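Participant: So the chains spell out like this:
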Amino acid sequence: GIQVEQSPPDLILQEGANSTLRCNFSDSVNNLQWFHQNPWGQLINLFYIPSGTKQNGRLSATTVATERYSLLYISSSQTTDSGVYFCAVRATGGGNKLTFGTGTQLKVEL
Amino acid sequence: DAMVIQNPRYQVTQFGKPVTLSCSQTLNHNVMYWYQQKSSQAPKLLFHYYDKDFNNEADTPDNFQSRRPNTSFCFLDIRSPGLGDAAMYLCATSRDSSYQPQHFGDGTRLSIL
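Respectively, the protein sequence lines represent chains A and B. For the first sequence, my numbering gives the first residue as 224, with consecutive numbering after it. For the second sequence, my numbering gives the first residue as 57, with consecutive numbering after it.
Okay, chain B solo, but in the shape it has when bound:
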């Protein structure tokens, strides 16, 4: 059974039109992460939540925001998608922030028209 669930698997949006990607987990983990993976590159961390505490990576563009309304759900909002934001977006969870493996969802592949 899937433990980190991302919806949808594929998302198409228009240039400049806001889009939201969702992630849910059944593991009751404290930490939820969002990674961006562009074509032929390694995943790169955008930000993470430790419980309700939001931690942004220094080089994450302001165009990217996140919400975590409860333990189970986390959302990635892209306010004005540009062509360069086309990528695979991966959600991950871990029990806490130290000495614990991260568990990844299947990802959402975002295309920008």
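So that you can see chain A by itself, here it is in the shape it has in the complex:
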């Protein structure tokens, strides 16, 4: 099956710093989503981005499907950004299964 790797696995930032999270996948995809899982376990949908670039406030994402990676940018980080960031993909021809990446654990400190 498709492999999804995220980097870095852990990240500590000072409030106000910027960061880039990366998601690499091993096969072509027709669905890619970025999620933020908060400390209470809620999985918040950030972006649906199988290709191209999108922005939402301090967050933006870019997927280069032909090169099999996606990037999530967080600018001016806040303590409420802490949690785990997952990318999840559906492989082309892979049915309905959304395969999640390994996650990036982010902690934003004052």
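Among these hints, one or two may not hold up.
What the hints assert, rightly or not - Below 25 angstroms or equal to it, Euclidean Cα-Cα: the simulated DSS-like pairs (lysine-lysine) are:
| hint | chain 1 | residue 1 | chain 2 | residue 2 |
| --- | --- | --- | --- | --- |
| 1 | B | Lys-100 | A | Lys-320 |
| 2 | A | Lys-330 | B | Lys-73 |
| 3 | A | Lys-330 | B | Lys-100 |
| 4 | B | Lys-100 | B | Lys-73 |
| 5 | A | Lys-277 | A | Lys-320 |
| 6 | B | Lys-94 | B | Lys-73 |
| 7 | A | Lys-330 | B | Lys-94 |
| 8 | A | Lys-320 | B | Lys-73 |
Hints were generated in silico from the structure; no laboratory data involved. Predicted, not measured: the structure shown is a model, and the values here were computed from it.
Starting from the known structure of chain A, arrange chain B on it as the hints suggest.
Facilitator: This is chain B only, laid out in the frame that chain A set:
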């Protein structure tokens, strides 16, 4: 307003005692999914319904069953919970199975005594 609603948020059951988790949606989506997420791991798909068609993942244990009585509701039944079934259970929906994002509920955290 919540569009994918899971009840309860926290569930405690005894070892071997059947338990049912529920999910409802107001989106009128065709597809409903159940994921299991163990501590410090990524969510993993257990099964999904496309309308009334049930699709089980190959490695989902037989102990896990699901029911979808109508478009809005889907249930996860664990027939004889073991300690290893303690996890967060996430329900998701999508409009159909291709090129559509999945929308997740807040999850039910299941503990086994």
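Participant: All hints are to be evaluated individually against the structure, with a verdict given for each.
Facilitator: Hint by hint, here is what the structure shows:
1. For the hint linking B:Lys-100 to A:Lys-320, the alpha-carbon distance of about 9 angstroms falls within 25 angstroms, and the restraint holds.
2. Distance restraint check for A:Lys-330 and B:Lys-73: the Cα-Cα separation of roughly 38 angstroms exceeds the 25 angstroms cut-off, and the hinted pair is therefore not satisfied.
3. Between A:Lys-330 and B:Lys-100 the CA atoms are separated by roughly 24 angstroms; this keeps the pair inside 25 angstroms, and the hint holds.
4. Taken as a hint, the B:Lys-100 and B:Lys-73 pair is honoured in the structure, with Cα atoms around 23 angstroms apart against an allowance of 25 angstroms.
5. Note on A:Lys-277 and A:Lys-320: the hinted pairing holds, with a Cα-Cα distance of about 24 angstroms set against a maximum of 25 angstroms.
6. Between the alpha carbons of B:Lys-94 and B:Lys-73 the distance comes to roughly 20 angstroms, so the proposed pair stays at or under 25 angstroms and holds.
7. At roughly 20 angstroms between alpha-carbon atoms, A:Lys-330 and B:Lys-94 fall within 25 angstroms of each other, so this suggested pair holds.
8. For a cut-off of 25 angstroms, the pair hint linking A:Lys-320 to B:Lys-73 is broken: about 29 angstroms separates their Cα positions.
In summary, the structure is inconsistent with hints 2 and 8 from the numbered list given earlier, while agreeing with the others.
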